[in-house]
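Residue numbers (UniProt numbering), protein chains in the order written: chain A, 1 to 233; chain B, 1 to 233; chain C, 1 to 233; chain D, 1 to 233.
For the record, the hints were derived by calculation from the structure and aren't laboratory data. Mixed in with the good hints there might be a few duds.
Keeping only pairs whose Cα atoms sit at most 20 Å apart, straight-line, the calculated DMTMM-like set for lysine to aspartate or glutamate is [what the hints assert, rightly or not]:
#1 K174/A - E145/A
#2 K122/C - E62/C
#3 K174/B - E118/A
#4 K159/A - D210/B
#5 K122/B - D142/B
#6 K174/D - E118/C
Which stretches of chain B does chain A cover? Using the computed rule of at least three CB atoms under 8 Å from a CB of chain A, they are [as the list claims (entries may be wrong)]:
#7 45–59
#8 68–80
#9 156–168
Here the structure is a predicted model, which is why all the values come from computation and not from measurement. Note that the Cβ used here is the ideal one computed from N, Cα and C, for glycine as well.
Number of protein chains: 4
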Amino acid sequence: MSTWKNAVLGASEQFDRKREVLLREAAASFNRSGYHGTSLAEIAKKLGVTKAALYTYVPSKEELLYFCHDSAMDSAMEILVQARAGAGTGLQKLAATLRGYLNLMLGEDGSYVVLLEENAMKPVHMRAIIKRRDRFEQGLRDLVEEGIADGSIVSCNAKLAIFMIMGAMNWSRKWYQPSGSWSGAQIAVALTEILERSLAGTPVAQLIADPGSIEVEEPAEEAPVAKARRRPA
Amino acid sequence: MSTWKNAVLGASEQFDRKREVLLREAAASFNRSGYHGTSLAEIAKKLGVTKAALYTYVPSKEELLYFCHDSAMDSAMEILVQARAGAGTGLQKLAATLRGYLNLMLGEDGSYVVLLEENAMKPVHMRAIIKRRDRFEQGLRDLVEEGIADGSIVSCNAKLAIFMIMGAMNWSRKWYQPSGSWSGAQIAVALTEILERSLAGTPVAQLIADPGSIEVEEPAEEAPVAKARRRPA
Amino acid sequence: MSTWKNAVLGASEQFDRKREVLLREAAASFNRSGYHGTSLAEIAKKLGVTKAALYTYVPSKEELLYFCHDSAMDSAMEILVQARAGAGTGLQKLAATLRGYLNLMLGEDGSYVVLLEENAMKPVHMRAIIKRRDRFEQGLRDLVEEGIADGSIVSCNAKLAIFMIMGAMNWSRKWYQPSGSWSGAQIAVALTEILERSLAGTPVAQLIADPGSIEVEEPAEEAPVAKARRRPA
Amino acid sequence: MSTWKNAVLGASEQFDRKREVLLREAAASFNRSGYHGTSLAEIAKKLGVTKAALYTYVPSKEELLYFCHDSAMDSAMEILVQARAGAGTGLQKLAATLRGYLNLMLGEDGSYVVLLEENAMKPVHMRAIIKRRDRFEQGLRDLVEEGIADGSIVSCNAKLAIFMIMGAMNWSRKWYQPSGSWSGAQIAVALTEILERSLAGTPVAQLIADPGSIEVEEPAEEAPVAKARRRPA
DNA sequence: AATGAATGAGGGTTCATTCAT
DNA sequence: TATGAATGAACCCTCATTCAT
């Protein structure tokens, strides 16, 4: 009744299910206590299994971290791609991305891991992740440039702007409390609004005073997660 | 010739000096690899001494972390107090604080530690630090309210605004490279400008395009450090 | 197409076949890496099956080792018996045994395991194997005594002589390279010649200078293997 | 009273003493149960210390094995060098070396480890040890050639002869029992005699019938051990 | 004030073994 | 008959901490 968070299912997709649950649980722990501050025993305990059982799904703790990051980048990129595909000004697309990113990070199944203690990963993996993250941030910078060009965003240094935005967003999980008076979706809207204002060509005259009052319809469908890859032989 | 970073001095203030050097080195390591990812041996090696020697200056690793945080809060608070004492609108005071905070964090002897892996500290210490940090952030929120009142800042949710700002600032050390083309002081100015714009009652029409071109006079005096407290017997 | 080394066969003797293949593969691994240095996964992999599959043929790793030893002793004893049954002096019979033993050990399907890490086995099994080995060595000692009696062997201490011979022979697999310029059969002849000389009543005046030049006819028939015993329910 | 086998001593040479004791104990265990079959806990227990304490003297289990081998080769080489320096025929020098080698291996403080499970060592270390061992065996082969030249040894294949001899000697520790009726020194003499006979140009007409009756004066001085090398920083 | 040595408590990983399928 | 998943017991190693010197 309690192991594996009841992720048991039909047939052989159990493996993928369980693997996902593992990644999520691991990501949560890593975010809370850091990579080195998290023990496999801790994760295993939460899943109701033994340390050794984890090795069925992941070849090492280090790769567990890597998979978490990789999976997170899958989701983040998907959001960027969708926003980019939509219509609107550069600022609008940027805002859409930020909202999506925040929803992802503060969402319930947030397996999203912020890149910290990066040198905990093996160089190969670290480089891979940093590359993907850079690509994501480059996408954001491109949107800023697009906005500057179409007038929706003030003339500014795109690099610095995105650094600022990433910090403001990534930090949110440090202070966000699921049990608090603001929901993740509400924060996503309100925080995006402030960030938007910092770059908007024509800044709004007034910001949301109480995020808790924002009306949002929670997404019904499952959050997109990286397609689980079976461990290579 | 190399141990203790040559912090040797006159007489008994050697103790305090060495303690400070220890705190700084520890803070640097903690920031780089996280609390659990940093071993005392590592810190000791950088100081050219033995692990055991550290215990002369600090009763435990956990308290070392605590002292780092505490010392950081000393500095941060001092900056807030000074900014508050100056003249100007709420926004101006806020901006002054942010600039000072960023200079502190990106400064050379930045012993400043961002609060992460907080549960690594013992509850007592954690509460103490969180309390001080809350006081600091409350100060910032007060400045926001002051700004809203005097019209220099748009109507907004101060709590959310400060969360956003803290994130943007604290994140800076993740991407700031001392050897890069932007100096810490330049970033402090440029980043503050963006953050200012997000809240300003009358936002500037154009942001700095190249932080590297900002002229700043580096502060000559030493950064204020927490008065060393002798370890209680 | 590759599992079980294609030992598949008619009907139920498949079981015995597979079991033999397992023993051989295990013996090879044990000899290479030692008992503790060999994992069941390793053996299974070489056979193209899973760890778990091995338990169909063998109740435990420890008994796998035991069966290897037991099977080896079957073969060794058979050689001794045959040599003893032949005609000739004690020395001649001894030499025949040594040659046979070496051929067995260096042969292609050499499932022969030298007794090392003996305490890896459970006392019962260890005693059983040591008993058989002692019986084998006693047989050799008897041949020495026989040789001393009939004058073909010098007066000597049979115990010491056999210890010496066993060492020289068992050691051969450490340096023998199947891909080298000497075949196993050639080594068997040449090594036996030296060992013979150490005990011969009338030692030869010259030893083989190049074992690689020895002419030997490889035995066509399959090496005798212990009759497979089904695992008791 | 019992830890470290009371190897405690004057001042700072304690480190070297303890390290030697550790090597000896480890060698004994490795010989008995094999490398993989020996746990550090086992060794530590015998020394009356904790597992962790061993790491003061040796950086890893693998290097512990390496040091054992290396130390053994130091001793073996020394014996060869001394024998080579003496007067006499090739056979006499060879015999002297064998006797010395056996005494070393069967001696009380025999830290000597026979090379087995060689792939347990890291390639670098393995190569280093194999190189030294090859040098030793080459020395023995040279003595054989020398003997053939001066007529003291029959024409034979030196390589095969030395392989045979090494096996006979290395095997001795498998059957030698310190508590038995033959002392190590007695075995050294008797075994050398048989080995000598296998190669002697003019073989003796009679071998020792009872090694236990051999008179030997035990060496008073300490057995030569590799100069302890402090662990590099 | 500083060190080298030792400890005890984990931490990550492997492995023989079991079991439901 | 064979497999994938899970377990529990080691095992090697690291690390914060203590202590005699």
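Results of checking the hints against the structure:
1. K174/A - E145/A: violated (30 Å)
2. K122/C - E62/C: It holds: about 7 Å lies between the C-alpha atoms, which stays within 20 Å.
3. K174/B - E118/A: Holds, at about 10 Å.
4. K159/A - D210/B: holds (10 Å)
5. K122/B - D142/B: violated (30 Å)
6. K174/D - E118/C: holds (10 Å)
7. 45–59: Violated, because only 0 residues of the region 45–59 of chain B bring their Cβ atoms closer than 8 Å to Cβ atoms of chain A.
8. 68–80: This one is violated; 0 residues, fewer than the three required, reach chain A with a Cβ under 8 Å.
9. 156–168: Our answer is that it holds, as 10 residues pass the Cβ test (under 8 Å) against chain A, meeting three.
Consistency note: the structure conflicts with the earlier hints numbered 1, 5, 7, 8.
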